[in-house]
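Student: Here are the chains, one letter per residue:
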Amino acid sequence: MRGRADVKNRYVREVTQKKYEYGFTTDVQTEVIERGLNEDVVRLISAKKEEPEWLLEFRLAAYRYWQTQEQPTWGHLTLPEIDYQAISYYADPTKGNKKNGPKSLDEIDPELMKTFDKLGIPLEERLALSGTAVDAVMDSVSVKTTFKEKLSERGIIFCSISEAVREYPDLVKQYLGSVVPYRDNYFAALNSAVFSDGSFVYIPKGVRCPMELSTYFRINARNTGQFERTLIVCDDGGYVSYLEGCTAPMRDENQLHAAIVEIVVNENAEVKYSTVQNWYPGDAEGRGGVLNLVTKRGHLRGANSKLSWTQVETGSAVTWKYPSCVLSGDNSQAEFYSVAVTNHHQQADTGTKMIHLGRNTKSTIISKGISAGKSQNSYRGLVRVASKADGARNYSSCDSLLLGSECGAHTFPYMDVCNDTAIVEHEATTSKISEEQLFYCNQRGIPTEEAVGLIVNGYAKDVINKLPMEFAVEAQKLLSVSLEGTVG
Amino acid sequence: MLEIRDLHAGIGGKAILKGISLTVRPGEIHALMGQNGAGKSTLSNVLVGNPTYEVTGGSVTFNGKDLLAMKPEERAHEGLFLSFQQPVEIPGVSMVNFMRAAVNAKRRYHGLEPMSAGDFLKMMREKRKVVELDSKLANRSVNEGFSGGEKKRNEIFQMAMLEPTLAILDETDSGLDVDALRIVAEGFNKLRRPETSAIVITHYQRLLDYLRPDVVHVLMDGRIVKTGGPELAAEIENRGFDWIRAELSAGHTETERP
Amino acid sequence: MSSERQYLDIFTAHREMIDRHSAGVLNALRGKAYDDFSRMGFPTRKVERYKYTDVSAAFAPDYGLNLNRVKFAVDPREAFRCEVPNLGTSLHFIVNDSFYSRPAPSLPEGVVVCSLKQAAETYPDRVAAAYGRLARTEKDAINALNTMLAQDGLFVYVPKGVEVERTIQVVNLLRSDVDLMANRRVLAVLEEGARARLLFCDHAADDRNFLVTQVVEAFVGERASLELYELEETHAKNHRFSNLYVDQQRDSRVTLCNFTLTGGLTRNRTDLTLSGEGAAADLYGCVIADGEQRVDNNTLIDHRAERCTSNQLYKYVLDDAAVGAFAGRVLVREGAQHSRSVERNANLCGTREARMYAQPMLEIYADDVQCSHGSTVGQMDEQALFYMRQRGIGLDEARMLLKMAFADEVISAIGLDPLRNRLHHLVEKRFRGELGHCSGCRLCK
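Chains as they are written, first to last, in the numbering used here: chain D, -16 to 471; chain P, 811 to 1068; chain Z, 32 to 476.
The reader is advised that the hints may include incorrect statements.
In silico DSSO-like pairs for lysine-lysine, Cα to Cα no more than 30 Å straight-line [what the hints assert, rightly or not]: (1) D:Lys156 / D:Lys131; (2) P:Lys1000 / D:Lys345; (3) Z:Lys268 / Z:Lys82; (4) D:Lys371 / D:Lys460; (5) D:Lys444 / D:Lys345; (6) D:Lys371 / Z:Lys82; (7) D:Lys371 / P:Lys881; (8) Z:Lys170 / D:Lys357; (9) P:Lys932 / Z:Lys460; (10) Z:Lys170 / D:Lys371; (11) P:Lys946 / Z:Lys191; (12) Z:Lys82 / D:Lys336; (13) P:Lys881 / Z:Lys77; (14) P:Lys946 / D:Lys371; (15) D:Lys188 / D:Lys156.
If you're looking for bench data, these hints aren't it; they were derived computationally from the structure.
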């Protein structure tokens, strides 16, 4: 099989890394607080955001709990040591504006406008992607939320969480921490203590949100962490599709991103949450990159509620993320679709938890992992069927694709079933990219790089198809770019 | 022998049969025709006691006994056999073990001793020939890896083994080519005894060419809307069902028996 | 450290007696095992591989130990029979943890099947070269505890190129008038090209609480072939902790097949290392559990060389309040190209109280591999049940047939006809509730 070996040698050739497209920095006057973390810092963040007393208490309780905990080590990850005192926990690039953030476009620093334009997220509504409202967050502050007025005509609230705390304190108080309590885990506690901005969405009863809601997160300032907090509440019979995108500049040191997303889905309501995660992954030697340590969870509280998570994970040096669903409502349905690509020295340990509590609940997990370079890519998932969850159904399928002989692909599913009417199925495969397919493409004149992109996109199609259209195009491009240079 | 009176039934709260009445006497062959969704398969499933379906009204007696009060296996012991439209595959359960369990359960029900292994295998061999079922199939798991035609032949083979008094053939002709159809139909004719009755559910004339029904019923929206002799089947083959629907809306129906 | 204390104390108080009734090779490792065990203690449920079994609780009660090697008064051959019809085996007994010596039936020349203690005295070099090499005491408390206390067990040696036609059957019989702990040790060495088939049958003859640790180390040389069948038919008061280690050299073949029919707490750890190129391993497990039974199978298949294949199939049928756990990890190391691995686990839960934990894991560091795993938890196919009822088969019988079909997939993997038929028969009896829970085994001839 000499021919095969030749082909193989030709394919497995490292080429220099394609430049990370979003690696630029924005030169904008940013107010950054002193590095370090203590109770005074927590109080300072709360004060800067003019928060009510109960929220400060929540933060302090979380901070005190965090101090008693240790960073978890169970992930299949080698986390660089994080010096929590070397990070600044608040950075405001809208400094110079009013304390509550800019209200109109004229008040936004033109540099910020330019930044978001460059990222493909125009903040002027007339330039916006059709049918998408955007909350643009840089570092710790929401810069601008578009289409707010239009949405409010239907009673939909879409604003930054800071604004929600001021304008709708009762709603925030009712739901904040109700899905992810600050005691949930180490990073959830940290986030609860120091969270800065993020989005708040409230869909009233019976309202279908007429446009996609989207939040774009950007880390800019040096040595800062981003601790966003998103809360989505979809009331009875409501519907919303929500998108999240993120990028960061190229820096040699790691940047910490510890976010929380909480979603509440009431009776007959439906929420779709899509993420294209493209934080800076570090360079080809594994220097720098974002540490993406995120807790995302949805609570399907009402009967017949639906929640789907779709994620395309291509960025970050380390990803530790398990968007989960608690299916309490009878007949509720949850889905998790994931594509995770790791290259160079990236590490990802990602998956989901499906906790079936209600009757006739149904969950689907489709995970596609693609590992290249020297990266490690793990799926970790839990499916639990409680004893009262009669008729629960789960189907999980986790596939891993390996490109190159120095990377790793791992699957760690946990199934815990104590109900005799439940059906839980899990299947997984691991294989390498097919040389026959690559050769077939070559023979038809398609260069190998492009062929890899094609094959990987085909492999991930089931997940990509779940994304809203604009996002799907973006995700396809990202998949190809992330893997450029992996197979020569 | 079978007496259906004003039978109402459905699935998951949805009404499908809306008052079926039908009498089958010993030795009679009834054909049940109708479009998809008319309720043909629901009727056959309800008769054999499929727990997925709910009976909401009416009565069914079989040889004077209340059929609806019996468990599915008791109905089988009493002589009711359904040739399934889509026979289920049961991996790991061999045909031999399966048939022996079925034959002996019936014998037990009728107060007979279980059959000896030798007699049983002899019976398997003989009956198998009638439907030209390969001996290899008999060593496989129930229906597993059988082609569509093999599955249908296997149904008729099981009918031969269990010697029912009333056989329901639910679209036994679907998915069969001409030769397979002939084997199945001829097998059925060879196996049936004079007193054996049958309800034959089909869309097509060609199976009826072999089986020669005494009575033909047309089922529409959960009711028998027309009953006639074999010529009715031929007419449906030529003209479809629309003319019956048209007749119905025009107000005159014929349901008298020949 | 309360559960551990009593074992550490027994060891320090009776070390001299333990050594005196054992052999030098075994005694040589006790000191280190003691240090390792006192350092680690029993694993908590936070330790990944012991997630589903509470080890401390099982070892907490007070059990007697036969450190002074008091002989079992009755000939086990007369007290017990565990015959497999039509299978002439080379039959041996281990009563609790003492090998019951008797002139063995004729085996090919050079083949050794004897007491481990005796082997360690007769062939000290051969035993020393293997003993404790796979079952390391540093990382596993059960290994450490067993190595610290075990005085005897079984030794099997098959020389180069020798095929042992006759199945070597070992009945592990638990026999005691007080609650008893037994620490059993098995060492099997198959040289290049050797072939052997082992059958271990576990029974409990008395209605007492038993706690058994068993550590098995099997070395399978180049082109050698080992089949190991384990059958547990004990009772609800038995607690079994078995650690099985297998090392496979180039082109060797291993089949491991484990049936848990009755028992109390069963924990089987299996670590199999594919060290040489082209080695192949098949692992099968079948668990039938009801009442309060707990069965935890934990496997690791370590692909270290190229072109190795592994295949796992574990099936559980759980009823009543039984708890089943299956965690199977397949590790493909860097450079272990052309590895092929299939892992399948299927489980039937018959009641609301029964609970199944399933955790099939793939950890892969080589790219030219084909690995897959699948795991399901469910119930019997309703359609199949109805089909059978339509044919006149009663519901209970139909369920029986389906359960039997479910288990048969594992049984049919047994290469030896008489044994396969025997297991088929036993499993069927078990499903029919006709298999005694073994407390009166002296009578069940």
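Student: All hints are to be evaluated individually against the structure, with a verdict given for each.
Tutor: Each hint tested on the structure:
| no. | hint | verdict |
| --- | --- | --- |
| 1 | D:Lys156 / D:Lys131 | 21 Å, holds |
| 2 | P:Lys1000 / D:Lys345 | 49 Å, violated |
| 3 | Z:Lys268 / Z:Lys82 | 22 Å, holds |
| 4 | D:Lys371 / D:Lys460 | 44 Å, violated |
| 5 | D:Lys444 / D:Lys345 | 22 Å, holds |
| 6 | D:Lys371 / Z:Lys82 | 23 Å, holds |
| 7 | D:Lys371 / P:Lys881 | 29 Å, holds |
| 8 | Z:Lys170 / D:Lys357 | 29 Å, holds |
| 9 | P:Lys932 / Z:Lys460 | 27 Å, holds |
| 10 | Z:Lys170 / D:Lys371 | 39 Å, violated |
| 11 | P:Lys946 / Z:Lys191 | 42 Å, violated |
| 12 | Z:Lys82 / D:Lys336 | 18 Å, holds |
| 13 | P:Lys881 / Z:Lys77 | 50 Å, violated |
| 14 | P:Lys946 / D:Lys371 | 45 Å, violated |
| 15 | D:Lys188 / D:Lys156 | 19 Å, holds |
When held up to the earlier numbered hints, the structure conflicts with 2, 4, 10, 11, 13, 14 and fits the remainder.
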